[in-house]
Amino acid sequence: MADSKGSMTCGGMCGGKGIETFKEGAWANNPIAIQVLGICSALAVTSKLSNSLVMGVALLFVCVGSNLFVSLLRNRTPHRIRMIAEVAIIATFVILFDQILKAFFPAMSKQLGPYVGLIITNCIVMGRAEAFALQNPPLLSMIDGVANGVGYGVVLAAIGFFRELFGTGEVMGYKLLSESWYTPNQVISSAPGAFIALGILIAIFNAVKGPDPEESK
Amino acid sequence: MNETSAIVILIAAIFTNNILLANFLGMCSFVACSNQIGTAIGLGTAVTFVTVTTSMINFAVYHYVLVPLELAHLQFIVFIAVIAAFVQFVEMFVERFSPKLYFALGIFLPLITVNCAILGASMFLIIRNYTFAQSVGFGFGGGLGWMLAIVLMAGLRQKMRYSNIPKPFENVPIAMIVTGVLAMAFMGFGGMVSIQ
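Heads up: the protein sequence lines correspond to chains D and P, in order. Per the numbering used here, the very first residue in the first sequence carries number 64; after that it's consecutive. Per the numbering used here, the very first residue in the second sequence carries number -5; after that it's consecutive.
Excised from the complex, chain P in its bound form:
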């Protein structure tokens, strides 16, 4: 068990070990939904919320249910079930109590189940042997980091619409290369804090 404080993990997960730019998680929705800043913020908020809560639930499920029962090898299927069930629950909850938020977030919620950033965050905290506080820090930082990356990208893509891009590079390829440059910029944070 490592001793890094939860705050350090939170900052590291946003900047130095950004879940998207350094660990490549959540690329599908990143490419598909980064055309507008408003959409990106909505999706980012939803992802952050779900990542934090499912990290907490999955931490508890893994350490208090699966390990005592010696069922650790079933973690994948249990985690994805928890995430899917939780997203479904959030959807019903938001629909019932805040229809306005539901219409703003509604279309993103089903997308979140298959966002690998969320499943990935749960898996990283098992592999890295985090404590509960560290897991919360990692989940929150991971979600915020993902949101930061997709909002930055949406801003860049809005500008890029007016530029003259070579035909084969249009759309996805140029988005990839811009993400690469963004990742390079984030490498500059490298020496600041580090988590393994």
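The following block holds chain D by itself, in its conformation from the complex:
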């Protein structure tokens, strides 16, 4: 699903390398389903679709911003202090997003609680900065950030959709499963449902990608 989106967003503006980078980040090496990184937030905020979407946007914003700046500064950062520099850059963007959320969507900010702040320790952002942005030019790094943000967002939205659907019978206020034949299952919107839903999702990814996903890495 993320594949078609990849060629759409990228268009003809960036060459083959950009499209390849996008596919790699959003699908072949999907941060959650394949690499199993940053799953804390994927579990915590997905009890509702709206929360998942906001979290997806937050990660996209932070990942693009931090990748861009890490990449711009990559030739100036001494190797030994690069980790601290990365954390400082990431934290800056997280604080920015958190402040924007607090100012314009206070209700959403309350619901997400500490999980926006916890993007700082999200292995996806740090991992991309370390593994990609340090070696690649700014534009490509930004594409990589978008790809990983989209890959993360799509997976989160999928989990959020199904958990909200089966947990409450409605999605974003629309009643989809009538109570006459479906009794909303509380467990799915609480903690255990999150773990089980993510487990099943990763298993589906593994099954779709073929018997040995390790080989494609």
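Honestly, the hints are just simulated from the structure, not real lab data. Each hint should be verified, as a subset may be incorrect.
[Claimed, not checked] Distance condition first, Cα-Cα at most 30 Å in a straight line; then the derived DSSO-like pairs of lysine-lysine: (1) D/Lys173 x D/Lys272; (2) P/Lys153 x D/Lys272; (3) D/Lys111 x D/Lys173; (4) D/Lys272 x D/Lys80; (5) D/Lys86 x P/Lys161; (6) D/Lys173 x D/Lys238; (7) D/Lys238 x D/Lys111; (8) P/Lys161 x D/Lys272; (9) D/Lys111 x D/Lys165.
It should be emphasised that the depicted structure is a prediction, and the values quoted were computed from it without experimental measurement.
For chain D, the structure is supplied; the task is to place chain P on it using the hints.
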């Protein structure tokens, strides 16, 4: 400011509001390091120690430095800096005074900086407006709760090595589903004590 005593918060943080099974914090190292009980105990001890101490430091930093200076919005970056610096300090300290413990814990210490359970504990105690005693209780309970969860999981995974799991479910997916069942079991503690 709520009135719950620190002991109640400690118990609640271990059982009813387990930092991993109810708040999903510290999942990365939970999945990666839950293959052996010995490793799990080592990592759990280190996390507990660092969580308690950084909760105390971050509580003090937030209430006596950041709030008076009206810099509360910088809490994220300050907290992570405190945690990173503290872990570095512990590493040097342990290396100097107890080389044996250093080799036992050594490999886990750098991992702890990016363990979101620790940053999460610091953030929860600001959001929930805890007093100092409550913060210590929460940090300690959170660390112990995390340790309990990872040790339980390591035990289960050791047994699971001999079971016949469908191919797509091997490794991470089955670990997730087992964690889900574990979380369900912990929900049974639900009515015992509660913190908001």
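Quick rundown of the hints versus the structure:
no.: 1; hint: D/Lys173 x D/Lys272; in the structure: violated (38 Å)
no.: 2; hint: P/Lys153 x D/Lys272; in the structure: holds (28 Å)
no.: 3; hint: D/Lys111 x D/Lys173; in the structure: holds (14 Å)
no.: 4; hint: D/Lys272 x D/Lys80; in the structure: holds (22 Å)
no.: 5; hint: D/Lys86 x P/Lys161; in the structure: holds (25 Å)
no.: 6; hint: D/Lys173 x D/Lys238; in the structure: holds (25 Å)
no.: 7; hint: D/Lys238 x D/Lys111; in the structure: holds (14 Å)
no.: 8; hint: P/Lys161 x D/Lys272; in the structure: holds (12 Å)
no.: 9; hint: D/Lys111 x D/Lys165; in the structure: holds (19 Å)
Violated hints amount to a single one, hint 1; each of the other numbered hints is respected by the structure.
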